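Peer 1: Following the hints, complete the assembly by docking chain B onto the known chain A.
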Amino acid sequence: MIVATDRAPDEAIVRFENVGLRYGLGPEVLKDVNFALQKGSFHFLIGESGAGKSSLLKLIYLALKPSRGLISLFDHEIAITPRPDLPALRRRVGVVFQEFKLLNHLSAYDNVALPLRVAGVRESVVKKHVSELLAWVGLEQHMQARPPTLSGGQQQRVSIARAIIARPQLLLADEPTGNVDDVMGFRLMHLFEELNRLGTTVVIATHNMQVVERLGHGRLLLDDGRLIMESARAKIAPKLENLVPGSRQKALAAAESAAAADSFGKYPGDSEIFGDPSSLKDYL
Amino acid sequence: MLKFISRRSDLPLDHDAHSRFLPWLIAFMVFLANLAMVGMLMLNTVAERWDQGVTGTLTVQISPAEDPSEDDPRLQAILKVLASAKAIDRYEVISDERVLKLLEPWLGGVAKSKDLPLPRLVDVELHSGAQLNVIKLTNQINKVAPGSRVDDHRIWLDRLVSLIRTVQTLATAVLFFIGFATVGTVVFTTRTGLAIHREAIEVLHLIGAQDAYIARQFASRAMALGLTGGLLGLALGLPTLMGIGYLIGRMDGFFVPSLELGAHHWMIVGFLPIGVAAIATVTAKMTVLRSLRRML
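Residue numbers (the numbering used here), protein chains in the order written: chain A, 467 to 750; chain B, -12 to 283.
Honestly, the hints are just simulated from the structure, not real lab data.
None of these values were measured; they are calculated from a predicted model.
Wrong hints could be hidden among the right ones.
What the hints assert, rightly or not - Cβ pair distances, simulated, as ranges:
1. G586/A to R277/B: 20 to 26 angstroms
2. E186/B to I694/A: 30 to 36 angstroms
3. W253/B to T615/A: 48 to 54 angstroms
4. G262/B to E477/A: 54 to 60 angstroms
5. S533/A to R277/B: 21 to 27 angstroms
6. H542/A to A182/B: 30 to 36 angstroms
7. M282/B to G586/A: 18 to 24 angstroms
Claimed, not checked - Sample of chain B residues facing chain A (criterion: CB under 8 angstroms; computed from the structure):
8. D(-3)
9. P(-1)
10. I194
11. G195
12. A196
13. Q197
14. Y200
15. L283
Just so you know, even glycine gets a beta-carbon here, dropped at the ideal spot from N, CA and C.
Just chain A, with the same shape it has in the complex (with noise of 0.2 angstroms):
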């Protein structure tokens, strides 16, 4: 087995042994899948389209039965776990969907509202931290619009703060950028690497290698259906804080340049999108 770093095993959050999956009666699309990711860990998981990521992810968030191996997260077998217990496990799991699977019929509020009242938590508790979160993610405008009526890039950030509104241990978004521009996107990298900081494990599914190659972190990357794990590598590019929003090219080059620009500044259009990284720490 490939552990992604010299962490005790049982540390591990994530565990596939020999893992296999198969649609029906088609080819395998994930074939003898091995690895383990350790407590507080962050992942690009990255390979061709096809590859096999999205149903990686939905084995690891338990969407999907694999067709053959082992799958223990957070340290429980899933093969084994009785069924009324999984719902317990899915709560430690944060998702950014694909395709957002944002509920039409109900506002942001709503959405951002439903793992914690799915868990059971108190309406008073609910209102107080989804109003600072919607706030947090600037769409305090927007808490009862309904998500048709919002941008792609306000439904993505709905649907972030919807993964981690019951403070999840761990984090998986499938292609969380492929909405959004490039700066967008750094941003979005930015406050995921803001809540690893906090203890959240990330795994995150992208082909922007771009993005990939400037943060470096470890990797998943995936052939297909099998799985190859690297080790973080330093990034080549310099903290996110230092880039300056506006034009993406001014950005870009003064990343590159690694000049020392102050705090996180304002996206254009759109106030305080993820504010100032500090209130994310007040908020978790």
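Peer 2: Just chain B now, kept in the frame of chain A:
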């Protein structure tokens, strides 16, 4: 229960067009169930009364003695016995002319011949509600006039009672069919709802909702629909029942011993909407749970 119904829902079940017809279907079911149930209960009352022989009338038949001169003393002895029975309100000796008339269809003119020994008949009416031991009375009468019979119309009543029991069994079967049809309708509506909201349900499931959490939303919706349908059915059924009650009230004194809707009948009728709402709730819940069990 109100809190249960008004619980916030994560699924837009109230906007489902396909479930709007459900209250009307349930209303018709409840209407039919009302009629079947009340009919059954009323027949039950009748059958019980007839079963106990509380029809209030008896006929005592005294066979003619070998010596016709003994007939009168025997009749008098029997009348003495009848007079001493506390349950008996009134008795009347039926005249020979009437007996002949009763026998005419069978015997024709022959009956008019004085040679034919005629039985003497006594029509007995009991105090209303009084119980009489027919066997004991028969024994007493037979002591003074051997060969006499007391006819409490048992054979006729037994046949009527068994007819009523058959009709009641049918009514029970009808009630069961109505119940099955209601369950089937709710299952169908719930399954359609599950299919329409499959994606939203999947999201709730992946977010970590217990099956019961999702099932509860369908169950409260089904309860609201069932209760609405039940009350609609009651609104349809009540005027019908009152009309039947009025018609029965008008025909009192005929062969039917006072037939009316008692307080417990009305209570059962009032309970039907709650019963049907409960059936709808449980059915929806079971349907959703069974369907969700197929997900990981």
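Peer 1: Hint by hint, which ones does the structure fall short of?
Peer 2: Hints that this structure does not satisfy do not exist here, as all of them hold.
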